[in-house]
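Undergrad: Sequence order for the protein chains is A and B. Position 4 of the first sequence, counting from 1, maps to 64 under this note's numbering, and the rest follow consecutively. Position 101 of the second sequence, counting from 1, maps to 239 under this note's numbering, and the rest follow consecutively.
Incorrect hints may have been included.
What the hints assert, rightly or not - Residues of chain B clear of chain A, computed beta-carbon distances all greater than 12 Å: (1) Lys156; (2) Thr158; (3) Thr195; (4) Met208; (5) Val218; (6) Gln241; (7) Gln251.
Said to hold, decoys possible - When the alpha-carbon atoms are kept at most 27 Å apart in a straight line, the in silico BS3-like pairs for lysine-lysine are as follows: (8) B:Lys164 <-> A:Lys96; (9) B:Lys236 <-> B:Lys156; (10) B:Lys236 <-> A:Lys74; (11) B:Lys300 <-> A:Lys96; (12) B:Lys236 <-> B:Lys300; (13) A:Lys74 <-> B:Lys300; (14) B:Lys304 <-> A:Lys74; (15) B:Lys164 <-> B:Lys236.
Bear in mind the hints are in silico, worked out from the structure with no lab data behind them. All C-beta atoms in this analysis are idealised placements derived from N, C-alpha and C, irrespective of residue type, glycine included.
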Amino acid sequence: MATTVTRQETLFGKRVRRQEDPRLITGTALYLDDLKMPGMHHAIVVPK
Amino acid sequence: MDWGGPDFGPGMRAMTRKITLTINGKTYTDEVEPRLLLIHYLREVAGLTGPHIGCETSICGACTVMLDGMAVKSCTMFAVQAEGREILTIEGLARNGKLDPLQEAFWNEHALQCGFCTPGMILTARQLLADHPNPTEQEIRHGLEGNLCRCTGYQHIVNAVKTAAKAGGA
Chain A
61 MATTVTRQET LFGKRVRRQE DPRLITGTAL YLDDLKMPGM HHAIVVPK
Chain B
139 MDWGGPDFGP GMRAMTRKIT LTINGKTYTD EVEPRLLLIH YLREVAGLTG PHIGCETSIC
199 GACTVMLDGM AVKSCTMFAV QAEGREILTI EGLARNGKLD PLQEAFWNEH ALQCGFCTPG
259 MILTARQLLA DHPNPTEQEI RHGLEGNLCR CTGYQHIVNA VKTAAKAGGA
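Just need the whole structure built from these sequences, with the hints factored in.
TA: The structure is reproduced here in structure tokens:
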């Protein structure tokens, strides 16, 4: 939500929606496990 | 990554099966190993990383998708079990760029922080609202018992589901 702040109007007391939420609620956000890099390999440590 | 199965060398490839299913209205056909979990199929083969892997043991609900209109934990199913069926993931919920009432409500009610549990929460809530269009707080909390959130704390999530119910969220 784009909010223009002028001298007369401030964000105090206003409802503000988080800018990062659209990608988080639509499944388009990328977490570390979602990344694919060229030549990427996965490794796991197996304790013995 | 090639999730068709491990390569054991020439002529030693593990047995695969061909599956055809619909995801978010699109048809997918792939060769998969029978042991491939549905969540791995969705993320690694179909490339849909909206459903997340939190625990891989059916506890956390981060991998929840809708299978023929029912919310299921996709780490609890094999991909081959989805043969011929219809799946909705979080990526398919908004239509033509218009957010679903549940997505709007989660945004407006601050029902997420890191957002990792959110896709599962929203799809489970969708099932909840299909079963209980006007849920009580107790019904909402009971309906979301299978989905864990580690940052928001559930009150805002419950508020969001209430708000979505008022907006006709199911």
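Undergrad: Starting from the hint list further up, note which numbers the structure goes against and sort them upward.
TA: Those not satisfied are hints 6, 7, 9, 11.
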